[in-house]
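Colleague: As a plain string of letters, each chain reads:
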Amino acid sequence: MITSRLPRTVTAWRPLLVPLVVLLTWDVLVTVAFKVGWIEFRGITIQYTLYGTAIALFLGFMVNASYARWWEARTLWGSIVNHSRNLGRQATTLLDRTVPDARADLPGEIVRAQVAYVHALRTSLREQPSPPEVADYLAAEPLARVRSSTSSPTAVLSHVGRLLAEAQQRGMVGDIARVQIESTLSVLTDAQGGLERIKKTPLPVQYRFLPSFFARAFCLILPFAVFKDLQWWTPVGSGLIGMMFLLAVQVGRDLADPFLDRVHDVPMTAICRSIEIDLLEMIGADTPEAVGPVKQVLW
Amino acid sequence: MITSRLPRTVTAWRPLLVPLVVLLTWDVLVTVAFKVGWIEFRGITIQYTLYGTAIALFLGFMVNASYARWWEARTLWGSIVNHSRNLGRQATTLLDRTVPDARADLPGEIVRAQVAYVHALRTSLREQPSPPEVADYLAAEPLARVRSSTSSPTAVLSHVGRLLAEAQQRGMVGDIARVQIESTLSVLTDAQGGLERIKKTPLPVQYRFLPSFFARAFCLILPFAVFKDLQWWTPVGSGLIGMMFLLAVQVGRDLADPFLDRVHDVPMTAICRSIEIDLLEMIGADTPEAVGPVKQVLW
Amino acid sequence: MITSRLPRTVTAWRPLLVPLVVLLTWDVLVTVAFKVGWIEFRGITIQYTLYGTAIALFLGFMVNASYARWWEARTLWGSIVNHSRNLGRQATTLLDRTVPDARADLPGEIVRAQVAYVHALRTSLREQPSPPEVADYLAAEPLARVRSSTSSPTAVLSHVGRLLAEAQQRGMVGDIARVQIESTLSVLTDAQGGLERIKKTPLPVQYRFLPSFFARAFCLILPFAVFKDLQWWTPVGSGLIGMMFLLAVQVGRDLADPFLDRVHDVPMTAICRSIEIDLLEMIGADTPEAVGPVKQVLW
Amino acid sequence: MITSRLPRTVTAWRPLLVPLVVLLTWDVLVTVAFKVGWIEFRGITIQYTLYGTAIALFLGFMVNASYARWWEARTLWGSIVNHSRNLGRQATTLLDRTVPDARADLPGEIVRAQVAYVHALRTSLREQPSPPEVADYLAAEPLARVRSSTSSPTAVLSHVGRLLAEAQQRGMVGDIARVQIESTLSVLTDAQGGLERIKKTPLPVQYRFLPSFFARAFCLILPFAVFKDLQWWTPVGSGLIGMMFLLAVQVGRDLADPFLDRVHDVPMTAICRSIEIDLLEMIGADTPEAVGPVKQVLW
Amino acid sequence: MITSRLPRTVTAWRPLLVPLVVLLTWDVLVTVAFKVGWIEFRGITIQYTLYGTAIALFLGFMVNASYARWWEARTLWGSIVNHSRNLGRQATTLLDRTVPDARADLPGEIVRAQVAYVHALRTSLREQPSPPEVADYLAAEPLARVRSSTSSPTAVLSHVGRLLAEAQQRGMVGDIARVQIESTLSVLTDAQGGLERIKKTPLPVQYRFLPSFFARAFCLILPFAVFKDLQWWTPVGSGLIGMMFLLAVQVGRDLADPFLDRVHDVPMTAICRSIEIDLLEMIGADTPEAVGPVKQVLW
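Protein chains in written order, with numbering that gives the first Met the number 0: chain R, 0 to 298; chain P, 0 to 298; chain B, 0 to 298; chain V, 0 to 298; chain L, 0 to 298.
Among the clues, some could well be false.
Because identical chains cannot be distinguished in the list, a pair is counted as satisfied if it fits within a single copy or across any two copies.
Unchecked claim - Pairs of lysine to any residue, SDA-like flavour, derived with a Cα cap of 25 Å:
| # | residue 1 | residue 2 |
| --- | --- | --- |
| 1 | LYS199 | ASN63 |
| 2 | LYS294 | VAL17 |
| 3 | LYS199 | GLY291 |
| 4 | LYS34 | PHE258 |
| 5 | LYS294 | THR2 |
Because the hints were derived from the structure by calculation, they are not lab data. Quick caveat, the model's predicted, so the values are computed rather than measured.
Please take these sequences and the hints and turn them into a complete structure.
Modeller: Given below as structure tokens:
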């Protein structure tokens with residue numbers, strides 16, 4: 000996520016550079032070709048407002064749907080933040096360490112497993128290898144099981160479920176309290192499922208392909224339409240309008256897939272670290288530093 | 000669901016071919032007729048922006064409503080994924096196999112019935128015959144009952160309910176835990192009901208018929224409007240704009256009915272298989288392969 | 000609900016006929032008046048795009064709000080379908096017929112009362128007399144009470160509540176299970192309340208009156224604007240555009256009130272019958288036939 | 000709420016009269032000034048479509064937000080209807096009047112307090128003095144407490160909570176059932192909070208001030224733009240378009256604040272009376288008449 | 000939040016002044032330059048409608064998303080109001096002060112801690128130092144813990160959780176009632192998480208930068224376009240339109256970040272004070288005055 004209004008990092012601008020340079024070159028070429036007399040063409044007006052209406056229609060669908068996906072992804076991560084905190088509070092206050100059969104480090108183990116869970120979920124969504132935090136916060140035996148599973152986050156969450164079952168067998172938690180912690184796990188499963196849904200279901204192909212195709216076709220024709228009015232100013236006028244349509248397409252693309260390890264990602268690394276700090280504070284463990292923006296991009 | 004930006008499979012493009020060929024032929028015919036002098040007509044401008052506004056209005060309603068249906072269908076399937084996992088976790092951790100009267104394979108039976116459920120739901124939505132998985136994962140007696148019922152998925156879910164009742168009679172599950180598993184079944188019933196609602200309630204007839212009718216009427220008139228400006232370029236200009244409106248109509252149609260066994264379907268086969276793998280892993284059974292895209296289409 | 004793309008039934012088209020005939024007659028009259036020379040008028044352009052923008056604004060508000068009402072009504076009926084099924088499953092699996100004081104036909108009575116409920120709700124929304132199903136599925140005593148009440152569906156649901164209270168007094172259902180069935184009743188009350196809210200709260204008067212008024216005023220002026228360009232083609236061009244605006248208004252009206260016993264209604268008869276079949280199957284009773292479309296309209 | 004399409008009551012039309020008369024007078028003045036030759040001005044076109052786009056943008060924001068507020072207010076009142084009914088059903092069926100320490104009129108007292116609650120909420124939202132129903136349905140002691148509190152509805156709901164606590168102390172209601180009634184109270188608190196949120200948070204000042212300002216500025220300039228085309232018809236053409244924009248602003252205003260005791264209000268008096276009838280019927284008390292529309296306005 | 004339609008306070012208008020003065024100066028300069036003959040330029044029309052469409056697209060995205068953020072923030076604060084009231088009601092009615100081991104001032108302590116919570120949340124969102132209320136309503140020991148924590152509101156809410164655990168250890172609250180109070184805490188955690196999500200996740204950079212950039216570029220070009228028509232009236236016409244676009248951008252900015260301690264903020268100080276009054280009234284403590292608007296701005 001870009002935190003400043005004008006990010007200095009080059010990566011944020013790179014996907015825009017090539018299309019804009021191509022666009023401007025084309026506009027200049029057409030202008031010169033007109034001036035030199037290679038082309039003759041009558042100004043055309045109707046076409047352009049119709050075209051604009053149709054493209055606005057397509058772009059409106061795409062950008063709105065993309066923004067909704069991005070915000071839903073962010074909201075689902077917000078839900079994971081809240082319910083990780085809830086799980087931490089419940090594990091540390093609802094489990095009774097004073098019963099005869101209690102294992103005193105069980106609440107801490109649940110909290111640490113939850114930290115491993117959010118990091119596993121983050122790398123799973125970004126298709127990265129398992130992060131060091133999973134190994135740091137899990138014991139050897141569950142770690143082995145997680146590594147051999149097809150979905151790391153699901154495996155870690157199952158481990159949390161098993162720890163909870165152990166707590167009940169040891170009599171550390173009553174029926175009703177257990178049901179309540181179970182519900183927290185269900186909400187986490189739900190949020191994870193929602194994130195995977197966004198990850199695995201791209202925007203419909205029509206939304207990805209058509210707006211970009213038509214916006215580019217529009218840019219190709221634009222200088223022919225404005226030359227008669229603008230003469231040598233054609234590259235400026237045509238370029239400015241073309242740029243707006245290309246940028247709108249790019250905005251849609253940037254937001255549509257919020258887990259691609261790009262500058263426009265939901266800042267999952269920072270979110271996971273902040274959960275880590277909150278949860279470790281609850282069990283009195285040492286906390287790492289918060290993640291800040293790097294070159295005005297928060298990852 | 001199409002997974003690439005430009006699917007190679009022909010079926011994705013076929014519904015577009017006929018209208019586009021007809022459109023282009025018409026545009027060429029009109030252009031020739033003008034040039035030859037068969038028709039004379041003054042350029043008309045007002046009409047076209049008014050037309051564009053009105054059609055954009057209709058198309059906007061239709062495409063937005065269609066996309067909302069498609070995404071709701073996908074979200075409801077996501078809910079089925081999450082709560083199938085929840086049911087699996089609850090069946091394997093909340094049922095107590097150590098009580099005297101326990102039947103050890105009951106959790107596994109519940110999990111396998113849930114696998115049968117999602118496959119039955121998938122084929123029911125696509126109006127296909129009952130899939131092999133239903134027979135594979137159900138015992139002979141419940142299978143017979145499912146086959147004689149009017150709605151397979153409802154019958155399988157009732158079977159899950161009966162297995163749960165058996166668990167309670169055997170004392171394997173307490174009152175509160177049972178209520179919680181019941182709630183998972185209620186959420187599944189809700190999601191199934193939502194999918195059937197989308198399946199059985201098409202878009203209102205006005206949304207299906209009018210946008211397509213007006214977009215086509217518009218394409219018929221378009222070349223008359225632009226000939227004066229574009230001359231021999233008329234088929235290009237008129238074809239490009241007409242194509243955009245026809246494509247927008249087609250996008251709406253593709254998304255409005257997400258269970259028609261077409262390339263734009265919600266990828267239910269892949270989703271069901273992925274639930275199957277997750278659930279079988281929970282009970283330690285052998286898992287089938289995940290379903291990948293075929294010719295860049297995920298079914 | 001109309002099930003085909005082009006319904007053959009006349010009732011679907013009747014509300015459109017009169018306005019369209021009036022529209023076309025007016026367009027022809029104006030054209031003739033111009034040609035004959037009764038009127039002279041300069042073409043006017045600005046007005047029309049401004050007009051179009053303003054009317055599109057009004058129509059957009061109205062049609063979107065109407066569609067939202069229609070879909071909310073359908074979704075609430077979907078909720079009634081799901082929770083009727085849930086109530087059926089809960090009544091047949093959570094009530095214990097083996098306790099000493101049990102009344103064996105109580106689950107069946109609850110299920111049958113629920114069937115009466117949905118039919119009573121349907122006719123109440125359509126302002127029709129009480130349907131035969133209410134008498135068929137209720138005993139004489141509760142039937143009398145329902146008939147003397149101001150709101151039949153509320154009275155039937157209260158009867159379900161009383162049957163449930165009886166089950167608890169007889170010891171057939173524990174505290175927790177009862178609370179769960181209570182929740183199902185609460186959700187049904189909520190859905191019924193939502194349907195009555197849509198029924199009793201029409202669209203704001205401004206949304207009902209203004210779009211229709213302005214669209215008609217626009218149709219009156221339209222031929223004056225396009226005559227200069229279209230000459231004898233005026234009725235065609237002006238009629239086509241006018242028709243689109245009038246149709247958009249009509250779409251909004253058709254969807255705004257989904258319980259008026261018209262062809263655009265939510266198909267409540269079919270939905271209620273399908274609930275009836277599902278519930279009767281659960282208690283092993285004979286089931287009626289499903290309701291199919293009549294002349295391509297599903298009621 | 001206005002119930003007919005064309006309300007006869009003058010109050011519904013009054014806020015429109017002054018602007019429309021001013022508008023028409025201005026249009027006539029400008030037309031005369033042109034004809035007499037006091038002003039000379041070239042027709043201007045670009046401005047007007049740009050203006051139209053920008054105003055449509057503002058009006059679209061405002062009217063959509065206003066309608067959403069109005070519908071949310073209506074939905075929250077719907078929730079109060081449903082959960083008042085739920086509270087009534089729960090009070091009359093879950094409280095056990097047969098225990099030794101029972102107070103037989105407690106359920107009735109809870110129901111009557113709930114009737115007082117909805118009336119207190121209604122007048123609190125409309126900033127009216129406490130209604131007679133509060134005194135009618137509360138005993139002297141709680142009435143005194145309600146009158147001395149800062150928020151009557153909150154005080155009445157607290158009284159309901161105290162009655163419920165009394166029921167539990169007398170052993171009339173078990174733990175689980177009490178929790179369920181508690182939840183109903185929470186939902187009512189939530190709905191009340193939502194209504195007060197809408198009441199206390201007007202639309203952002205920009206939404207209230209700017210659309211109205213720009214629409215009026217637009218109306219001032221409009222006759223200058225259309226005179227050249229329309230000549231003596233200017234007041235008609237200019238007035239019609241100006242009226243549409245002014246009406247759209249007015250629609251937004253009417254819906255934005257749904258509790259101002261105006262004809263466009265959510266019909267809270269009728270809703271409260273209908274809750275009153277439903278609840279009194281449950282405890283077998285005499286019911287008042289339903290509230291009908293007065294001069295086609297339902298209050 | 001600004002409470003009047005035309006706020007007298009200068010701060011509300013300041014961010015608009017500079018752009019409007021610059022805009023007008025530029026418009027006058029260009030007009031003079033044309034008149035003096037420094038520039039010659041042909042009127043350009045196509046560009047401007049295309050430009051208008053594209054900018055309207057961008058502004059529409061931005062303002063809608065901003066308003067949704069502002070309203071979600073307000074709704075989440077509404078949820079905090081409601082559930083603070085719920086917590087108060089539950090603490091004062093569900094905790095039993097008559098058990099042998101009871102601590103009579105525990106309910107009051109929970110209520111006072113909740114007051115501290117909302118004030119801590121308010122200043123945390125506005126990035127202000129800890130408010131006096133936190134010190135006023137917390138005892139020395141929890142206050143020290145809150146001051147040393149990284150997130151004050153989370154720490155105060157944990158303290159509420161601990162007080163609740165103490166109540167259970169003393170036998171003042173049963174299992175089920177405790178679970179219900181726990182749920183209230185979960186909802187508060189959820190609402191707090193939502194507010195922090197809005198705070199920490201600004202609008203995507205494209206939404207913040209592009210609309211403002213293009214609107215300004217548009218204003219620069221505008222006088223060139225309208226000079227030919229408007230002549231000396233150019234600054235008026237061009238200024239009016241430019242102002243509308245700049246104002247729309249400003250509206251988006253004002254609403255996008257509702258916790259910046261500006262006049263457009265969600266009025267958190269007033270909301271917190273109103274919670275304070277409600278809660279203190281419940282425990283019979285002295286209540287402070289409500290917060291009124293200062294120079295027509297409610298903070």
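Colleague: State for each hint whether it applies.
Modeller: Here's how the hints hold up against the structure:
1. With identical chains, the CA atoms of LYS199 and ASN63 are at most 25 Å apart both within one copy (19 Å) and between copies (21 Å).
2. Taking CA atoms no more than 25 Å apart as the test, LYS294 paired with VAL17 passes inside one copy only; the shortest distance there is 22 Å, against 30 Å between copies.
3. For the identical chains of this complex, LYS199 and GLY291 are inter-copy neighbours only, at 12 Å across copies versus 29 Å inside a copy, given an alpha-carbon limit of 25 Å.
4. Taking the closest pair of Cα atoms, LYS34 and PHE258 never come within 25 Å of each other, the shortest separation being 48 Å inside a single copy and 55 Å across copies.
5. Taking the shortest alpha-carbon separations for LYS294 and THR2, only the intra-copy value of 9 Å comes in at or below 25 Å, while the best inter-copy value is 33 Å.
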